Structure formats: C-alpha cells, structure tokens
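J.: Starting from the known structure of chain P, fit chain F onto it as the hints suggest.
Respectively, the protein sequence lines represent chains P and F. Residue numbers for the first sequence, in the working numbering: 1 to 116. Residue numbers for the second sequence, in the working numbering: 1001 to 1111.
Do not take every clue at face value.
[Stated by the list, open to error] The calculated lysine-lysine pairs, modelled on BS3-like cross-linking and capped at a C-alpha distance of 25 Å, are:
# : chain 1 : residue 1 : chain 2 : residue 2
1 : F       : LYS1098   : F       : LYS1001
2 : F       : LYS1106   : P       : LYS57
3 : P       : LYS9      : F       : LYS1001
4 : P       : LYS9      : P       : LYS83
5 : F       : LYS1106   : P       : LYS9
6 : F       : LYS1098   : P       : LYS83
7 : P       : LYS71     : P       : LYS9
[To be verified] Under 8 Å between C-beta atoms, here's a sample of chain F residues computed to sit facing chain P:
#  : residue
8  : LYS1042
9  : LEU1044
10 : GLY1060
11 : ARG1061
12 : LEU1062
13 : ASN1063
14 : GLU1097
15 : LYS1098
16 : GLY1104
Think of the hints as simulated: they come from the structure by calculation, not from any bench. Computed from a predicted model, the values in this text were never measured in an experiment. Virtual Cβ for every residue (Gly too), placed ideally from N, Cα, C.
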Amino acid sequence: DGGITQSPKYLFRKEGQNVTLSCEQNLNHDAMYWYRQDPGQGLRLIYYSQIVNDFQKGDIAEGYSVSREKKESFPLTVTSAQKNPTAFYLCASKLLAGRAGTDTQYFGPGTRLTVL
Amino acid sequence: KQEVTQIPAALSVPEGENLVLNCSFTDSAIYNLQWFRQDPGKGLTSLLLIQSSQREQTSGRLNASLDKSSGRSTLYIAASQPGDSATYLCAVNGGSEKLVFGKGTKLTVNP
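Bound conformation, chain P alone (with noise of 0.2 Å):
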C-alpha cells in the first residue's frame, strides 16, 4: 500500500533530552512537510523540504531541526531548545514540488509528543 508512514504514534521524552520523530512516504513524492498542532488550533509549518538534502524553515521553526539524505524520508528532531514541544506533529508530502496550484497534500497518521 502507498502512503505515509510515521512512528511512533505516541512518544515520551523528559525534559532536556532531543528526540526524533519518523516519517516515510512510499509516494514517490518531491515535497514533504512538518506541521505542529496544538488543542483548538490549526496547523503551523515547521519545516519543509522539496527536493533531497534541501530543507527551508517554516513559520515555527526555533527548537527543531531536520534531515531529507533521501526522497522517502524526512525526520524531525525536537532538540532540548524546544521550550514546549507537547504537541501532535504531522508529516505530510506532495507530488510536484513548486507546483503550488494543482497538488494536494497528503498527511501521515501524525505523532503524539508528550514531554514529562
């Protein structure tokens, strides 16, 4: 099956610690993407990549940091600079990357990162 895939589904970390969170697309898709969602809130862009080993911030990037070594996969690493990364984090990709008008994003089931 294609699709996006990211684990843990639930994760645990104590303060100070980094820790980094999976995410891989069978897709063959150029583009992928880091959002943060907060209760009641709508999604903010962390990090985006649109081609390997090419990564740009998004709105909400301070604490965070990424790698795209290959197409498939693009993993986040909360690092201890975080000062409140208790959140759900979801990745998502798309096909054409810089084709702005005509491609959807398709989203993974999405991390819940709780730190104790």
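T.: Only chain F this time, still in chain P's reference frame:
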C-alpha cells in the same frame, strides 16, 4: 499575513440535516483552497481542492464553493450522517509551499 478563520468552532446537528461550514481568509491572492477532515487523534484527509479560477467542487454529498474576491469558502454537507462527525479544516495556498490553516470546525452528527 494571511489569516484563515472558521466559523463556527463547533456544530452539533441531528442526522439527516444539511449543513454549511464557513471559512474566510484575509488575502484574496490565493492559488487554491482545500478542505480537510480530521478524526480524533488522526491525520488529515483531503476532501476537496478548489483552484482559484474555480467556483465550486463536488464530491458525493460534499460541495465546496469559493468566492475569492470576498475571501470566503463554504463546505456544504448534504444529508449528514453520524460518520461525518469529525473536525473539518480549511487551508489556503498562497502560491508558496506553505498552507495556512484555520482552527477547524468540530462537527457532531447525532443519530
């Protein structure tokens, strides 16, 4: 800066009722607008995408309209069912790789 507002924040209706969800945006220079559905604790599922040159899109019992000049979109759901219960999110694409989302409307359809 683009801002997207969805009204109401929550809506409860009896099964079988037709209903309308509203989305407004502040900058009319958009490429497209999308409606998504989100079930509790899940990811988003795309329902409809309307290009800026289109007035509406239909899929089954769903119909989305777009009035770019007034900065408004509506999602019409006909003959609502309990399975339609979810949060519905509107997102605007201004031409970059960024989508700007509203906070959503939580819909409950009561049997």
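J.: Against the structure shown, which of the earlier numbered hints fail to hold, in ascending order?
T.: Violated: hints 2, 3, 10, 11, 12, 13.
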